[in-house]
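Student: Sequence:
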Amino acid sequence: MAPAEVVPWAVRSRQLPLTSMALAENETCAVQSVACPSQAWRLKTVRQARQGEARPGGARRGLDGGSRADDPRTSCHVTRKMAVFPWHSRNRNYKAEFASCRLEAVPLEFGDYHPLKPITVTESKTKKVTRKGSTSSTSSSSSSSMVDPLSSVLDGTDPLSMFAATADPAALTAAADSSRKKRDRDDNSVVGSDFEPWANKRGEILARYTTTEKLSINLFMGSEKGRAGTAAFAMSEKVRTRLEELDDFEEGSQKELLNLTQQDYVNRIEELNQSLKDAWASDQKVKALKIVIQLLPNNDIWKETHRADESCFCITDHFSPENANDTAKETCLNWFFKIASIRELIPRFYVEASILKCNKFLSKTGISECLPRLTCMIRGIGDPLVSVYARAYLCRALLTEMMERCKKLGNNALLLNSVMSAFRAEFIATRSMDFIGMIKECDESGFPKHLLFRSLGLNLALADPPESDRLQILNEAWKVITKLKNPQDYINCAEVWVEYTCKHFTKREVNTVLADVIKHMTPDRAFEDSYPQLQLIIKKVIAYFHDFSVLFSVEKFLPFLDMFQKESVRVEVCKCIMEAFIKHQQEPTKDPVILNALLHVCKTMHDSVNALTLEDEKRMLSYLINGFIKMVSFGRDFEQQLSFYVESRSMFCNLEPVLVQLIHACVAYCFITIPSLTGIFTRLNLYLHSGQVALANQCLSQADAFFKAAISLIPEVPKMINIEGKMRPSESFLLEFLCNFFSTLLIVPDHPEHGVLFLVRELLNVIQDYTWEDNSDEKIRIYTCVLHLLSAMSQETYLYHIDKVDSNDSLYGGDSKFLAENNKLCETVMAQILEHLKTLAKDEALKRQSSLGLSFFNSILAHGDLRNNKLNQLSVNLWHLAQRHGCADTRTMVKTLEYIKKRSKQPDMTHLTELALRLPLQTRT
1 MAPAEVVPWA VRSRQLPLTS MALAENETCA VQSVACPSQA WRLKTVRQAR QGEARPGGAR
61 RGLDGGSRAD DPRTSCHVTR KMAVFPWHSR NRNYKAEFAS CRLEAVPLEF GDYHPLKPIT
121 VTESKTKKVT RKGSTSSTSS SSSSSMVDPL SSVLDGTDPL SMFAATADPA ALTAAADSSR
181 KKRDRDDNSV VGSDFEPWAN KRGEILARYT TTEKLSINLF MGSEKGRAGT AAFAMSEKVR
241 TRLEELDDFE EGSQKELLNL TQQDYVNRIE ELNQSLKDAW ASDQKVKALK IVIQLLPNND
301 IWKETHRADE SCFCITDHFS PENANDTAKE TCLNWFFKIA SIRELIPRFY VEASILKCNK
361 FLSKTGISEC LPRLTCMIRG IGDPLVSVYA RAYLCRALLT EMMERCKKLG NNALLLNSVM
421 SAFRAEFIAT RSMDFIGMIK ECDESGFPKH LLFRSLGLNL ALADPPESDR LQILNEAWKV
481 ITKLKNPQDY INCAEVWVEY TCKHFTKREV NTVLADVIKH MTPDRAFEDS YPQLQLIIKK
541 VIAYFHDFSV LFSVEKFLPF LDMFQKESVR VEVCKCIMEA FIKHQQEPTK DPVILNALLH
601 VCKTMHDSVN ALTLEDEKRM LSYLINGFIK MVSFGRDFEQ QLSFYVESRS MFCNLEPVLV
661 QLIHACVAYC FITIPSLTGI FTRLNLYLHS GQVALANQCL SQADAFFKAA ISLIPEVPKM
721 INIEGKMRPS ESFLLEFLCN FFSTLLIVPD HPEHGVLFLV RELLNVIQDY TWEDNSDEKI
781 RIYTCVLHLL SAMSQETYLY HIDKVDSNDS LYGGDSKFLA ENNKLCETVM AQILEHLKTL
841 AKDEALKRQS SLGLSFFNSI LAHGDLRNNK LNQLSVNLWH LAQRHGCADT RTMVKTLEYI
901 KKRSKQPDMT HLTELALRLP LQTRT
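Counting from 1, position 416 in the sequence shown corresponds to residue 416 in full-length UniProt numbering; the numbering is continuous, with no gaps.
Everything labelled a hint here was simulated from the structure, so no lab data went into it. Check the hints yourself; a few may be wrong.
With a straight-line cut-off of 35 Å between C-alpha atoms, the simulated DSBU-like cross-links for lysine-lysine are [as the list claims (entries may be wrong)]:
id: 1; residue 1: K519; residue 2: K590
id: 2; residue 1: K485; residue 2: K440
id: 3; residue 1: K630; residue 2: K566
id: 4; residue 1: K590; residue 2: K603
id: 5; residue 1: K603; residue 2: K556
id: 6; residue 1: K575; residue 2: K540
id: 7; residue 1: K540; residue 2: K590
id: 8; residue 1: K583; residue 2: K556
id: 9; residue 1: K590; residue 2: K507
id: 10; residue 1: K519; residue 2: K503
id: 11; residue 1: K583; residue 2: K539
id: 12; residue 1: K503; residue 2: K575
id: 13; residue 1: K870; residue 2: K824
id: 14; residue 1: K507; residue 2: K338
id: 15; residue 1: K507; residue 2: K479
id: 16; residue 1: K719; residue 2: K824
id: 17; residue 1: K847; residue 2: K905
id: 18; residue 1: K618; residue 2: K575
id: 19; residue 1: K838; residue 2: K804
Every value quoted in this text rests on a predicted model; they were computed, and no experiment measured them.
Could you put together the complete structure from these sequences and hints?
Tutor: Below, the structure written as structure tokens:
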């Protein structure tokens with residue numbers, strides 16, 4: 001048997017009996033493959049036979065399915081029985097029937113309703129509160145079942161949204177934008193990208209902290225929005241404007257806004273923030289400084305709510321070192337003198353801290369001299385909350401200076417480890433070489449250096465150091481790590497730095513690190529005490545090497561796996577490798593390095609299965625091995641593909657799901673593997689599925705062989721089968737299988753040498769010979785399904801097809817001889833059904849007779865052409881039979897009659913009107 005292409009079965013026929021064909025979709029199977037040579041030969045042979053020409057082999061035969069001396073299949077006893085009633089199939093238009101059954105589309109108007117929208121329940125409570133000297137007041141509180149912490153940010157009151165909405169782009173000059181970008185770059189270079197900007201925390205703070213108290217704020221009249229001038233002033237106009245602003249800054253020009261609600265207070269802060277930006281962009285820096293001075297002394301900002309804290313910090317962010325121009329020293333002195341004249345402590349502290357780095361234009365030690373003084377100024381702030389924020393703001397501005405102070409302390413390993421553990425990874429990574437230098441200077445006796453390097457490695461795993469320093473960092477760290485004598489100290493530190501190596505270097509460096517780990521952990525079998533660390537190393541390596549051809553080319557990777565001597569740990573490591581392969585391998589592979597390595601890994605997992613292995617564990621291992629098998633493809637080299645499947649079958653024989661997967665993938669070896677399975681219905685379904693796969697690949701001879709094997713296996717189906725530990729009758733399962741089989745036989749083309757509908761004939765013989773239960777009606781239900789199949793085969797166009805496979809509707813093209821042969825089979829099946837109905841004319845079987853009679857009536861109604869008088873009379877007789885002894889369900893009979901009357905109103909169903917008049921409803925009297 002030639003090897004077959006392995007493709008998924010794409011014919012979705014719903015696996016239902018053909019009674020539901022009228023309501024099914026016309027679905028097809030799309031497969032990319034070459035046509036089987038026998039396909040064109042079958043089509044040519046059938047066409048020659050239709051024209052009366054000689055067939056290959058010299059024999060001449062018509063399409064009426066007459067007996068052949070050399071064809072024993074045509075001598076079946078089922079087809080020799082004569083039918084009393086002729087059969088005429090109803091012509092079906094599947095597309096029109098499907099369209100008529102489709103639900104009418106109705107436009108929906110959702111409005112505010114959405115099925116995924118959360119339901120909010122609001123409970124209002126009203127209570128009267130009486131106070132001395134005041135009238136009763138009413139307060140209400142509401143509670144929501146779905147409280148969204150971001151709701152206050154996203155409902156339109158978000159300060160950032162309001163700021164963006166009120167911003168005036170025309171007022172911002174290109175120079176201001178360039179200055180702001182430069183300032184941001186300088187801030188990142190000094191402070192580092194590890195600090196979260198205030199803007200990121202703004203929404204969270206505003207949403208979390210609320211107050212119902214009335215707030216107040218002191219402002220000066222000159223800070224109103226709209227008083228800002230343009231940036232096109234001449235120098236004399238600038239001087240005059242600033243003098244006017246200074247004159248305006250008097251006690252009488254201030255005003256105090258009282259009894260503000262929380263939202264009004266925040267809105268006012270936002271207006272002042274925008275005024276500050278406009279003033280700064282228009283070069284009115286004195287005015288901007290006045291706004292800051294007026295805002296920060298309001299202690300209500302700190303006492304009443306945390307909302308204003310963040311807003312006021314945003315204001316001070318506008319001061320930065322790039323404000324110094326070419327005359328930097330004079331400008332710096334001018335600004336520091338102005339700041340020194342501020343009487344209030346809090347404004348003076350924040351403004352000076354915001355431009356503290358400008359001291360470098362005055363002297364080299366300016367920042368170091370000012371830092372202790374600012375630290376002492378914080379001690380004068382009485383409010384603890386304001387004091388904490390002041391310290392945080394100062395730390396934010398002077399992180400680099402804090403690092404310099406740590407360097408001066410020297411030999412303080414515990415402090416250095418605390419810094420690396422507490423600071424954000426980005427801050428540590430950008431200063432990795434500085435930390436390495438400080439680690440080198442630490443005394444080994446105070447705090448072990450390998451713990452310091454471990455802390456540094458943990459930070460470098462989360463953040464990337466400068467690219468130019470990466471190799472030097474690894475070399476300096478590994479010089480210390482590789483000298484460690486204690487295996488536990490070594491592996492604890494090496495495990496951290498493996499991730500850094502995999503993240504930033506190639507397989508050569510990773511191979512060197514793995515070799516060093518093997519060298520340290522192999523003596524005295526030290527690896528047995530460090531399995532968790534070794535597992536982490538494997539997980540980190542496969543997390544960064546997604547190309548498994550590169551991974552398995554690492555020389556020391558497989559020797560590293562050999563250190564996992566404990567079976568349970570070894571299996572877990574193999575599972576991690578296979579999970580990574582299934583997740584990251586995008587394209588099928590035939591790389592021999594990958595195949596050999598993963599076969600070894602899968603073999604390790606498979607060999608761990610024993611009698612005590614849980615079913616869940618078996619399913620997990622089968623899933624991983626099947627995932628590997630699916631990703632192996634040799635393209636058009638079928639011999640190599642089949643050799644791989646044969647080797648896999650011999651290696652994974654203890655896991656039945658893997659054997660099933662191999663059967664699905666390897667059509668050519670199904671005859672070898674399927675009989676080795678124990679479940680009878682497993683074998684039947686696999687034969688059917690294998691035939692479907694072969695049919696989808698245009699391998700018609702192989703498909704016929706599979707279907708014949710399934711037919712020959714049906715007599716072996718036992719009366720009782722074991723289902724989940726319980727013995728159950730098998731007839732219902734056999735009925736289900738045969739219905740699926742019939743759905744496939746519809747599209748199987750006839751073999752030119754085996755006669756018309758040869759598979760259907762063989763299947764009917766097997767069904768006739770099968771020993772059924774005495775009180776069972778499953779055989780008649782199967783015959784009813786066969787009648788549905790034959791009716792579908794008589795249509796000009798079948799309900800569904802397989803791409804590149806010509807079914808009998810294309811081979812015969814509605815030939816009259818084919819239809820006559822089809823009708824003969826229908827009459828034979830009808831005779832079997834009617835004969836069985838006669839045997840049920842006993843008192844204990846009358847109810848079964850009524851049920852089967854009504855079922856047969858419905859089949860004729862759905863698939864037969866009732867314009868034929870004899871078939872029409874048969875349907876009337878069956879209707880009376882169903883009601884004869886009062887066993888029929890009256891409600892069912894009424895609904896059936898209503899359905900017939902409804903169908904009679906269709907244009908081509910007017911003959912059902914007369915039929916409905918001949919179907920009386922009998923009452924139980």
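Student: A separate judgement is required for each hint: does it hold in the structure or not?
Tutor: Each hint tested on the structure:
no. : hint        : verdict
1   : K519 - K590 : 33 Å, holds
2   : K485 - K440 : 19 Å, holds
3   : K630 - K566 : 29 Å, holds
4   : K590 - K603 : 18 Å, holds
5   : K603 - K556 : 20 Å, holds
6   : K575 - K540 : 14 Å, holds
7   : K540 - K590 : 25 Å, holds
8   : K583 - K556 : 23 Å, holds
9   : K590 - K507 : 22 Å, holds
10  : K519 - K503 : 22 Å, holds
11  : K583 - K539 : 14 Å, holds
12  : K503 - K575 : 22 Å, holds
13  : K870 - K824 : 15 Å, holds
14  : K507 - K338 : 60 Å, violated
15  : K507 - K479 : 19 Å, holds
16  : K719 - K824 : 31 Å, holds
17  : K847 - K905 : 32 Å, holds
18  : K618 - K575 : 12 Å, holds
19  : K838 - K804 : 46 Å, violated
In the structure shown, a violation is registered for the earlier hints numbered 14 and 19, in ascending order.
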